[in-house]
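*Asks:* Need the complex rebuilt from these two chains, each delivered in its own frame; the hints are there to steer you.
Protein chains in written order, with the numbering used here: chain A, 55 to 556; chain B, 832 to 1183.
In case anyone wonders, no lab produced these hints; they're calculated from the structure.
We put the beta carbon where it would ideally sit given N, CA and C, even for glycine.
Zero decoy hints are in this set.
With a Cα cut of at most 25 Å, we get these calculated DMTMM-like pairs of lysine to aspartate or glutamate:
hint, chain 1, residue 1, chain 2, residue 2
1, A, K397, B, E1065
2, A, K383, A, D330
3, A, K269, A, E492
4, A, K269, A, D57
5, A, K474, B, E1065
6, A, K132, A, E112
7, A, K269, A, E257
8, A, K383, B, E1065
9, A, K383, A, E315
10, A, K132, A, D78
11, A, K418, B, E1065
12, A, K474, A, E337
Pair by pair, the computed Cβ-Cβ distance ranges are:
hint, chain 1, residue 1, chain 2, residue 2, range
13, A, G423, B, A951, 32 to 38 Å
14, A, R386, B, G999, 37 to 43 Å
15, B, Y981, A, H160, 39 to 45 Å
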Amino acid sequence: MSDLLVMRGIVKQFPGVRALDGVDLDVRAGEVHCLLGQNGAGKSTLIKVLAGAHQPDEGTVTFGGEPVRFAGPIAAIKSGISTIYQELDLVDGLSVAENIFLGHEHAAFGFTRRGETNKAASELLGRLGHGEMRPTIEVGRLAAAGKQIVSMARALSHETRLIVMDEPSAALAHDEVANLFRVIRDLTAQGVAVVYISHRLEEIREIGDRVTVLKDGRTAAVGLPARETPTSTVVSLMTGRDVEYVFPSRPAPGSHDNRPEVLKVEGLTLSGRFSDVSLTVREGEIVGLAGLVGSGRSEIVETVYGARRASSGQVLLAGEPVPPGSTSKAVRLGMGLAPEERKSQALLMNESVARNITIAGLGKYSRFGWVDRKKESAAAASLAETVDIRPPDPRRPVRTLSGGNQQKAVFARWLVEDRKLLLLDEPTRGVDVGARAELYAVIRRLADEGVGVLLVSSEVPEVLGLADRVLVLREGKVIHESDARELDESRVLDMIMEGSAL
Amino acid sequence: MTDARASGGNPQSTQPPADEHTRVEEQARAAHPAEPGVLSRVGQARHLGLVVALILLAVVGLVTTPANFATSSNLVSILALASTIGVITVGMTFVIIGGGIDLSVGAVMALASVWATTLATQAYGPVVMAICAILVGTGAGLVSGFLISYGRMVPFIATLAMLVAARGLAQRMSDRRTQLVGPDNSAIVDLSTTRVLGLPLLVYIFALVVVIGWLVLNRTTFGRRTYAVGGNPEAARLAGINVRRHTMMLYALSGLCCGIAAVIIMARTTTGSSTHGDLYELDAIAAVIIGGTLLTGGRGTIIGSILGLLIFTVITNLFILNGLNTSDQLIAKGLIIVVAVLLQRRSLESRT
Ligand SMILES: Nc1ncnc2c1ncn2[C@@H]1O[C@H](COP(=O)(O)OP(=O)(O)OP(=O)(O)O)[C@@H](O)[C@H]1O
Ligand SMILES: [Mg+2]
Chain A
55 MSDLLVMRGI VKQFPGVRAL DGVDLDVRAG EVHCLLGQNG AGKSTLIKVL AGAHQPDEGT
115 VTFGGEPVRF AGPIAAIKSG ISTIYQELDL VDGLSVAENI FLGHEHAAFG FTRRGETNKA
175 ASELLGRLGH GEMRPTIEVG RLAAAGKQIV SMARALSHET RLIVMDEPSA ALAHDEVANL
235 FRVIRDLTAQ GVAVVYISHR LEEIREIGDR VTVLKDGRTA AVGLPARETP TSTVVSLMTG
295 RDVEYVFPSR PAPGSHDNRP EVLKVEGLTL SGRFSDVSLT VREGEIVGLA GLVGSGRSEI
355 VETVYGARRA SSGQVLLAGE PVPPGSTSKA VRLGMGLAPE ERKSQALLMN ESVARNITIA
415 GLGKYSRFGW VDRKKESAAA ASLAETVDIR PPDPRRPVRT LSGGNQQKAV FARWLVEDRK
475 LLLLDEPTRG VDVGARAELY AVIRRLADEG VGVLLVSSEV PEVLGLADRV LVLREGKVIH
535 ESDARELDES RVLDMIMEGS AL
Chain B
832 MTDARASGGN PQSTQPPADE HTRVEEQARA AHPAEPGVLS RVGQARHLGL VVALILLAVV
892 GLVTTPANFA TSSNLVSILA LASTIGVITV GMTFVIIGGG IDLSVGAVMA LASVWATTLA
952 TQAYGPVVMA ICAILVGTGA GLVSGFLISY GRMVPFIATL AMLVAARGLA QRMSDRRTQL
1012 VGPDNSAIVD LSTTRVLGLP LLVYIFALVV VIGWLVLNRT TFGRRTYAVG GNPEAARLAG
1072 INVRRHTMML YALSGLCCGI AAVIIMARTT TGSSTHGDLY ELDAIAAVII GGTLLTGGRG
1132 TIIGSILGLL IFTVITNLFI LNGLNTSDQL IAKGLIIVVA VLLQRRSLES RT
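Just chain B, same shape as in the assembly (with noise of 0.2 Å):
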């Protein structure tokens, strides 16, 4: 059908619109069948590369630790390790191909947990928990996109600031102490403890949210802006977007990752603590670049940053397993990074 309509003839010749978009796009497909094929395949491969990764860590987790790493419950148990950072991953990778950078997630998501689970709080029942965190999280990130956007501070340093700030007011309010959620709230534990098909239901928020994030990324206006603006800020504002607004947002939705986070690490833990998250920035943004997001900003998906996190948590899963030195594992994560970006410029050189 698409034969008959794209062998139709003159451009020129009157039709109704729609029918002469629809040619105009067929003709142009017609005209270069190869093309986009190359692309998409080279696009697909860069994915490949992280998932060959991924595959070749479980081999060794196979080889190494064959009683231990195939069951399921570990399999469980990197899936659940890896939702709270994942979660914060989605947001980071708006913030980072919008240009910017978030330094400051773990500690938000620490300050969300305490302030859900103080006593205050927690006497509203756990729905009003889980609403706290969430609104917690997303006015701190909104605090951060402010200063960033209208008091034109630099995203490194204004982050960093909520950084400190953040952990500093989380501490204030539990006075250091671990504060337990309580019994009247086990329904916030439940996410953590209850199995469907085999998998904690926090797995399923996460999962949720990598879904919304990959769709507000690649389908709506919001994320094609969102590339816009960090790939070239000047260009997107004189196009008539509101790049401010736009840089607040971004950094709000971070701190709304944040949020959820929190629900599902205090589903983990059954705490809140100013301690939860220390250095999950560091993991968020690494995943990102492994998953291939420029830092410059203006490229890059959610699909890879997702990867980029799983092969983090395997390697873990792995030197734990293992009963290896954690020191060790820090070492074999900063090759890992350090490698991925090396055959990212690779296939990016390639491609030009």
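So that you can see chain A by itself, here it is in the shape it has in the complex (with noise of 0.2 Å):
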């Protein structure tokens, strides 16, 4: 089979940063080829090179066996390649339809023609499985995983040749995983080829035909069968080091019985999205919401840290009452929460890593509202090193950070001492296989210390490997609690889609 895209020796270079270093990547047509690499190993900085988005200092890329050199992502997409990013690029303020079409809108004499606009959406949306989707509504209004549908309509709205897609799972639970891989085997029978990158390793055996492994902006390895190389192998080419899940271990079931509750919902209904949701959270102890996207998980978390306004019901901290609809309460009660989506939820895209990671607790850095800046600029570093976001400078623009380091800077905000209770939502996502351990062992030892956890991951072995306990959720109900030890993943992937299967 003839390569439909060669990349030779790829360099670019940022300030202070040399990102890429001589990188090569070979696709053929039809297959599916993953791209591996750790947190900052530079596979998004080469697919926006692909995409036209950067421009690379040196290398050369051939497509369809001509050498080509995109000015621009217009010319790229024009000759047939067309790109997910890690960051979706949506208008919130648009409809489905209107974004889909983004720069190629059906238009007459400037008009757009809305209702072919809006029936030719509805057709990508069905070949992509979610014809249910209305293509009127505005994006803003969904959640990740719909946003994740739309930039993949967008993608295919384009006559293209190869479809790059950077962590398109990282916002998908179980069953949205499942149809984006039908989606994408559609594709591959047509002879469109896919670059696909995920840090989940079952993943890549499960879609993946080839895989390139990237270190510290080189190629580490070119073309390995996705299949046949042992995870060991792949995981050891990327970090140096032979592991995948490591699971801090836990203490024994029930030893959380006796201890007081830092949180207690009862009763917590937000109408159309949960009803009627109760749960407590121990001293040290870590909870852990499994359910599939839309079951209304992060929406519970939200709810209790006042982001959204419940309908009814109460939560208590410690015994105090939370009023409704107050982040800033809910922080000086001693909250925190790591929100799903780091670039519109949390980061400040303006400003350095070290600020991003001290916004929250300012009033600890600081006498009588004045900033005391030796005071925060020690600690933005040692969280900043706690949790090992790389490069190792908190004064760098938080922009410039990989997207895994983003997200690690997202939880370092919430390290600091007097919270009583965290709550996680995907807290590793797009966090490389390394640095996942190393966030679990600090959410860990956050515990033994005695904070509560609630997290929320659509990865239900992280749920069940790193929670004590676990609630399983369905359309807006708990339907499920239990020690997490009683549970396995088949059993709990069983429970989350029954009735969605009816």
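*Replies:* Put into structure tokens, the structure is as follows:
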């Protein structure tokens, strides 16, 4: 089979960082080519070069047998390369259909043809298995998974020979991932090539044909067979170590039973989203919420935090009622939330890593409103080191960090001492295998120090491996609660899928 | 001394926490020695452009009207002119960094000047007049801020309404007449006539406001949160910042600055009038933009705004000294806004 895409010796230099230092990549028509590498290895940078969003400093790109040099994203799209970026780039104020056809609208004499646009959008969404999504709805009102679908549809709306997906599954739950894979198989059957980036190795095994591994801006291995190469080989190529999921050891079951309740939620309801949710988190306990996207996981966490105003029910933090709808009170009482979507909900893109880390705990680094900058930068530096942000310079603008490292900054924000309860919504989204193990250890250590943790994750093994107790959610209701050790992945999946199969 | 500690090796070793922190920080610094230098140099370069522009304008002044421009009386009059809008610009910088806009500044200043110069207020003496102006300004700012943050009105509309209403109220209170500051209250006028080291007192008020504004923006939690609220309000809210209250405070702050500006204009003109401060909002916004503050919020500096304002004021002064048409002056100002924004876009792009 001939190579559709050949990249040779790609170099990309940013101020202070050589993000790519001679990378090679070969992709064949009709294959799923996986790109692996630790956070900051240069995966996103490589595909931005491919998509024409960055200009390489050195190196050549051959696409469809001809040497190409894309002046910008439009040139790349025109020659048949579509990209779904790691940070979704949709316009919240526009409708689903308008987003899909942004830049190449169905129009006549400058007037958009809305009927036609909506119909075409519906068709594309149908191809993606989401015919039920209304093309007229505003994108800002969709959850992360919905936005992901819209980006996919946008990529498919062009004539493409190669689709690049940068961590498309990070925002998706189990069933959504299955759907994504079905779409990918459809595409490859038609001869379209897919470049697929993910930190979930089991996905690579399931969908991938060949694997290219990046390490520190260089190619560590090219075109390994995805199914035959042992996981340990891949991981050690990436990290130099051979760990996959390592969960810290847990205290014995029931050892939290006598400890005081940090969080008590009673009959919490948000109309249309979830109803009558009751749960407790005890001191030192990690409670996991498992469920599909749309089962109300994130909404529950956000409502507990006061980011959404509950229609009824009560939230008590260490016995004190938390007034609904006020995040500042929740924080003052001792809560912290690492939200689901880092770019829109968590990061201050204009600011440095340090300021992103300290913004939530400013009160601690100040006296009478006056910021003690020494204390602040010292704290930021030590927190950044705790979660191992790379490059380890807290004064770097946060937007120049790789996705996984940005995620670590969001998490670091809440590692200040006096938190009683941490709400972690997908805390390891986009974080690489090695760094994950470290974050798990940090979370467990916090719990051992007495912090209560409420954890949401789309990855069932993560919930089962990290949490002490697990609540399973379906359609906004808690349908099961038990010790995490009594459950296994397939049972949890059965429970969360049941009913959706009907 | 720093070197000794930075080379102190292994970060895992157990040390007293304070020492650990400094050491980690220094290691980070040592790891990227070139980085902060480059960044801060670019940051200063942005202001450098404004300073160069100002110097060029001064050269133009020296060349075209050598007899008048460099005189101390002319420089003093430039500063006095800049003081009024300058104080307003400080408040405007906060509002715009916080993601908003305040169109009502000129009108609120006029209202404050009228309220402070009514016969009833004047009866209480100059201190009460000044306090009255400041309270009226802050009050008006609070009202706009409340409408925006709790009434969920768009800042543009809420402050436009305030602009119209405040002017109307000022006309009503003064019967459209210019109110003189009475002879008993000449202490107000003294702010403009008394000089210390050759500069009228009101220039010191202006300087004080700038210094305090700079400190608040750069050294306090309020300032830090202002950047956060303007840069990403949702992220700010989820980080536990009370975004609504903060937004309201920003407009109150802008109103407060209008009140201070009202005192200055009363001193300079010895009057309170509903026609004071016409179109000041445009000059203040333009100064902020020329100074490099993003209209979308989350980024900007006080120093930039003040330099932007000085550029504007010097242009006005040059046109007057050369006896040129005010229409040409407006055209020149329009061009300057465009050029400044284009240049800033260039420097932003080269940074990323
Ligand atoms: N605009 C930029 N300016 C400066 N440095 C950058 C910029 N973009 C990326 N970098 C740096 O380049 C390196 C590679 O980043 P990249 O985003 O490609 O990593 P990645 O492999 O996609 O990681 P992740 O798995 O975390 O998404 C990182 O060190 C990052 O900090
Ligand atoms: Mg990436």
